[in-house]
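Asker: Residue numbers (the numbering used here), protein chains in the order written: chain A, 1 to 220; chain B, 1 to 105; chain C, 1 to 427; chain D, 1 to 167; chain E, 1 to 395.
Where hints are given, some of them may not hold.
Derived BS3-like pairs (lysine-lysine); straight-line CA-CA distance at most 27 Å [what the hints assert, rightly or not]: (1) A/Lys187 x A/Lys86; (2) E/Lys164 x A/Lys8; (3) E/Lys297 x E/Lys259; (4) A/Lys71 x A/Lys84; (5) A/Lys71 x E/Lys324; (6) C/Lys188 x E/Lys164; (7) A/Lys149 x A/Lys93; (8) A/Lys187 x A/Lys87; (9) A/Lys71 x E/Lys111; (10) E/Lys164 x A/Lys38; (11) E/Lys317 x A/Lys71; (12) A/Lys15 x E/Lys164; (13) E/Lys64 x C/Lys188; (14) A/Lys187 x A/Lys174; (15) E/Lys315 x A/Lys71; (16) A/Lys86 x A/Lys179; (17) A/Lys71 x E/Lys76.
Derived DEER-like restraints, expressed as beta-carbon distance ranges [as the list claims (entries may be wrong)]: (18) C/Phe34 x D/Gly102: 53 to 63 Å; (19) E/Glu163 x A/Gln156: 24 to 34 Å; (20) C/Thr33 x A/Glu130: 55 to 65 Å; (21) A/Glu130 x C/Thr427: 49 to 59 Å; (22) A/Val18 x E/Glu163: 16 to 26 Å; (23) E/Val239 x A/Val18: 42 to 52 Å; (24) A/Val18 x B/Pro60: 57 to 67 Å; (25) A/Ala170 x E/Tyr95: 35 to 45 Å; (26) A/Thr167 x E/Gln300: 35 to 45 Å; (27) C/Thr29 x A/Lys38: 56 to 66 Å; (28) E/Gln300 x A/Ala170: 37 to 47 Å; (29) D/Leu152 x E/Glu163: 48 to 58 Å.
One side only, chain C facing chain A, incomplete, derived with CB under 8 Å [stated by the list, open to error]: (30) Arg76; (31) Arg80; (32) Leu81; (33) Thr350; (34) Leu351; (35) Val408; (36) Leu414.
Source of the hints: derived by calculation from the structure; they are not laboratory data. Please read all numbers here as calculations on a predicted model, not as lab measurements. Ideal Cβ placement from N, Cα and C applies to all residues, glycine included.
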Amino acid sequence: MLGSGIIKGLAVTAKNFVGSYHDPARMVTEQYPEERPKLPEAYRNFPFLVTENATDPMGTLRCVACQICEKECPPQCIYIEKSKDKKPDATGKPQLYPAVFAIDTSVCMSCQICVEVCPFDAIKMDQVFEVAATNRFTGLLLNREQLAKPNSYFHQIHPTDAHEVDTRLAAERKAAEEKAKAAAAAKAAAAAAKPATPAPATATPAAPKPAAQPPTPPTA
Amino acid sequence: MSLSPLQLCLLFSSALFCVGLIGALARSNTILVLLGVELMLNAANINFIAFWRYGPAPSPATGVLFVIFAIAVAAAEAAVGLALVIAVYRHRRSIQLQDANSLKG
Amino acid sequence: MNSSGLSLLSAHLPVAAAADGLLERLPLTLRDTFVQWFPAPTQWLLHHLISIVGILAIFGLFFAFTTVAERKLLGRLQNRLGPNRAGVPKFSFLPFHLKHKLFGLTQPFADAVKALTKEDIVPAAADKLLHFLAPVLVVAFSLLTFAVLPFGRNLIPVELDAALLYFFAAGSATELTIFMAGWASRNKYSLLSAMRALAQVISYELPLLLSVIPVVLVAGTLSTQEIVVAQGFWTFGLLPHWFIFTPWGAAGFLLFLVAALAESNRSPFDLPEAESELIAGHLTEYSGFKYALFFMAEYFGLTALSGLGVTLFLGGWQAPCAFLQFIPSYLWFMGKLVGMIVFFIWVRGTLLRLRIDQLTRLSWQFLVPLALINLGNAAFWALTGAWSGPLQIVRWAVSAALIVVPFVLMGRSLTRGQAPRTYRYAT
Amino acid sequence: MITLTFIALVTLAAAAVAMSQRNLIHSALLLVASWAGIAGFYLWAGAEFVAFAQILVYVGAVSMVVLFAVLLTRRSHAELAIAPASVKRILAAIVAGGAVLGALFGAVLSTPLASAAAPPPAISVKALGAQLLGRHTASVLLIAVLLTVALLGAVVIASTNSKEDAP
Amino acid sequence: MSAADLSPFNSPFAAGTAGPSVRAVKDPFHGDLLEVSMGPQHPSTHGVFRMVVTLDGEIIVKLKPVFGYLHRNHEKIAENTSYLGSMPYTDRLDYLCSMTTNWAYALAVEKLAGQAVPDRAQYLRIIMAELTRLVNHSCLVGFLFNDLGTSFTPLLYAFREREKILDLFESLTGSRMMCNYQRFGGCRVDPTPEWLAAASRLVDNFPRFLDEYETMLTGNEIMLARTQGVGVLDAAKAVNAGITGPCLRASGYNYDVRKVDGYGFYPRFDFRVPLGAHGDTYDRYMMRVLEMRESVKILQQAFRDLPAGPIMDPKSKLRGFRPKAGEAYGRTESPKGELGFFLVSDGSPNPYRYRVRPPTLINLTLLEDMCLGHTIADSVVILGSIDIVLGEVDR
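So here's chain A without its partners, still in its complex pose:
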């Protein structure tokens, strides 16, 4: 009969009207400024640079200015200038560091490719999404001081990922120390016994980072 479909429709909207008062599956609205959204761990927004030490952020940047991210960045929003000198990195090896590291977040499309290609776990995705600025050029162009955030912050926003990275880095560091120790020992042995065979490569090389795979699957 004419009208039955319309009445059915009215019934459905009435059901939704009532449901919006008691059924959380129907009323999904979050009152944003008061209720903060619970961001999933995997959530990504713009990149930041990881520093080891919060007190000396510029001195302990993990970034070694290898410029891979700059090259791989699809919208090319990263700009890096290498330093002239070298500083010891986390493993104690002298490394270059970025004299200038800038990301234009007005261009960045949050694709995470810089994070995936970084061999030093130096760049990670941030979760701060309230990034409004009053100036579209300077306000959104972040320099290395603004980008640097301590490792503890990384732990805070991506705990699983950070834990994995730290474990791996610790293993690398230990391996490097052992290697150095072994090298020193070998040197000493070589000094002790002049005609000696070259030191065998006892230390395991640093575990190659699986390039294609992200550090860890985040937990939902």
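Fit chains B, C, D and E to the given chain A structure using the hints.
Answerer: Just chains B, C, D and E, lined up with the frame of chain A:
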């Protein structure tokens, strides 16, 4: 000179009639001619009401009834007249009276 | 001349019946005491001024809260919250802390401030005078209709013999203003909207009138107050004798609802301002307060038509049960009015828009014939008023059949060839 | 009396301007104002029912049909401003109209038309209805037939014949 | 063939016109045509799309789609970016279904480089693609009703369900719409068991939403009147114009790349392809609804059979990816139709030639044929039922 209300009403209606007449005669646009005729009809209606109000009324409803019938006829006239205008426009692509000068479609 | 010219205004000043309760008479008592303070020759004017100011104030506020209610109700229908932010600003100099958000109820005032402070843009090519006149006239015409609605037992601004005719005469002018707005804007969307508005009003004026005529036929009067009085009976003091509780009345009410939706340009008949097709139709070139005026007029028109529906079919200010008469009649009227508005909002939240040819077809091929049949039905009802006992059952059955059978048959022919389909699958 | 003069002047002015307008839409809308003025006159004269009927029919219906016709028979906005008729024609019309006006005014003013200063004849809608369906049933039926025929005729005349209209 | 033969459109409006045909706007005899430019700013053109519509009254006698307002030079940019670098750009082609666009691109590159995809990744891809289909189709049916003139109610119901799926995407990939999930030789992240359980729960509940939605609207008389017999597209015309996806199947032509190509692990799944008979707007709408129901079935099978294992081909690498010289065409059944990527490699890190076959652009080509003889209100609905995304049309 003092005018009685009835005279004033009649002057009003005759003036309105003449406005309609001049419009109907002077304008060559069919719609405006029709509207002029409508005005003349309305002027006549004013007379009915004026006489109903001030004249010696044999029946208290006659004037009003006349006007009601006149309005109904006027509505029909407007509908048919404007339909004719549209029909003429379809054939001639014009609503100027001068262009509708033949009886053939 | 003055006295005769205003005779229809001053002749029927409602007089409070002594039998009414204090609350029932309260608005009139207030007015009368106020008027007493002024010299006698100006009293009739004050009487009407107070009525006018009362209508403007009450229905102005009613409009304001209808907008926020509509948005909140639509929100809930759509599983949203609706506006809930606008509240009272926090003044630090106040000794007490006002609660910040009054459930968003101050939203209309914020909207009004916004509308007033917005730039008023008039297109360069527009017909400036008509562009300006349209919003002014549309509000004026839509307010005129309130004059004959009986808001309470003693509350009717103007009691006219031909009140219903007046209502439709005043209401018919609003579409003219929509045309003016659409045409004067010199915008193609507005022009299309103006054409649609004209087609719509020509098509729906008729079913609206025809759906009302059965009530006039049965009540035997064009006066709205008398129509309400005619519905003021109860069976066993419980079942009200409203016209909606008769077969012809129910059918007439449904027809009236559909036609009223079309007349007030509400979904599913909001073709003149069809958002998805014509941007905003005749409102495309309006901004700021002129836009707000159109908005206001639309709601005034809706409220007035709802009020008419309440008056004609839902017993007006009559209480639903005899023992509930202690509640003042104007509260009953407002309650029913709110119910009607909520229903309109509900419909808007559910239905989709008709196409212009379907709109006119629905009117001419369905509503008009049904309304005519319903007129005959009402005539049958009026003729068989003396039947009683088992004949009463026959009367009900015949009357119901007279309207249901044509409805089903014509509904079937209207939707011929249109049905949900079943589909085949390829694997 | 003052009210009547005011109503008359407004109505006449609206009608006169409407007839002299070049823009058809303006003409139509001004005529609506003029019709509303006539309704005001009926109201002043105490013929409520007629006044509302006038508004309902003219402002509500005839005006719509006129506007529809204007919109359907225009080709562009520019064409809404119609060409003025020839001066000769206008002059002739004004002379003819003036003559009629003079004759009518003379007739009205020279006739002693004493108005019965009685209150307006009281007529309720009910009485009007009784008259319509009592003494004037035949006329009502005739009007009904006329309206139906006019409606059908208008539809037939205005509907497009697709065979004829094909380009 | 004139549109009058196509449509059982029985309105007095259509009957009045002398059979719809394309007429010049400046026709001396039919001078009173109205040319309306709908868009690029118009609420119902689904983005910056423009239709130059010529109207006779409200009937469309001519319609010219104008696109390119959102042209972003996608293909040329991709030819100057590494293979991986184009992946996030493909998210932005059809921004409503980034997962399937990703997949189509990954498929083309995998063909080019000859990479294998582990089983688990294949299943995950199907899960993501079908979830995307749910997202896209629920979006479409919502927007379609908005075009039909509802006050947002069906759209918001659809968005409510879509949002739940987008939340899943966000918790897995980090972004709601720009997922950037597929990689050459697998997927980027492995969902946790909790994620899979949540997704499975959502999928099981999805038919309830569909039922409610259909109760509300599919039987609605106004909806039937507005969509049945409107915008009819016959199968022969559709095939000739290269229409794909639900639009083609609504015309009754059985063509689904999932069945035809059997890419991914689709042949392992048991699902049916709904076919329309009339090719009108109603059929196009129903195709989406029925496909959502089939997608739910596919998803349930996928969650049941999802194997354990790696999600990436161990041989694949992110940096220094240089496929050997050659060319490849990878195509998928995206929710909107056949989405293909054609790649030519010269052995360098960037593709030599990169070309997208966007389904919606090609589906849009017959817009005028579908709209002629209908009213301006229908044109909006027909456009809505084609399901365009301007990011993909204009690229």
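Asker: Look at each hint and say if it fits the structure.
Answerer: Do the hints match the structure? See the list:
no.	hint	verdict
1	A/Lys187 x A/Lys86	holds, 25 Å
2	E/Lys164 x A/Lys8	holds, 26 Å
3	E/Lys297 x E/Lys259	holds, 15 Å
4	A/Lys71 x A/Lys84	holds, 20 Å
5	A/Lys71 x E/Lys324	holds, 21 Å
6	C/Lys188 x E/Lys164	violated, 41 Å
7	A/Lys149 x A/Lys93	holds, 22 Å
8	A/Lys187 x A/Lys87	holds, 25 Å
9	A/Lys71 x E/Lys111	holds, 25 Å
10	E/Lys164 x A/Lys38	holds, 14 Å
11	E/Lys317 x A/Lys71	holds, 16 Å
12	A/Lys15 x E/Lys164	holds, 20 Å
13	E/Lys64 x C/Lys188	holds, 17 Å
14	A/Lys187 x A/Lys174	holds, 19 Å
15	E/Lys315 x A/Lys71	holds, 23 Å
16	A/Lys86 x A/Lys179	holds, 21 Å
17	A/Lys71 x E/Lys76	holds, 18 Å
18	C/Phe34 x D/Gly102: 53 to 63 Å	holds, 55 Å
19	E/Glu163 x A/Gln156: 24 to 34 Å	holds, 27 Å
20	C/Thr33 x A/Glu130: 55 to 65 Å	holds, 59 Å
21	A/Glu130 x C/Thr427: 49 to 59 Å	holds, 51 Å
22	A/Val18 x E/Glu163: 16 to 26 Å	holds, 21 Å
23	E/Val239 x A/Val18: 42 to 52 Å	holds, 48 Å
24	A/Val18 x B/Pro60: 57 to 67 Å	holds, 59 Å
25	A/Ala170 x E/Tyr95: 35 to 45 Å	holds, 41 Å
26	A/Thr167 x E/Gln300: 35 to 45 Å	holds, 37 Å
27	C/Thr29 x A/Lys38: 56 to 66 Å	holds, 59 Å
28	E/Gln300 x A/Ala170: 37 to 47 Å	holds, 43 Å
29	D/Leu152 x E/Glu163: 48 to 58 Å	holds, 56 Å
30	Arg76	holds, 5 Å
31	Arg80	holds, 6 Å
32	Leu81	holds, 5 Å
33	Thr350	holds, 5 Å
34	Leu351	holds, 7 Å
35	Val408	holds, 6 Å
36	Leu414	holds, 6 Å
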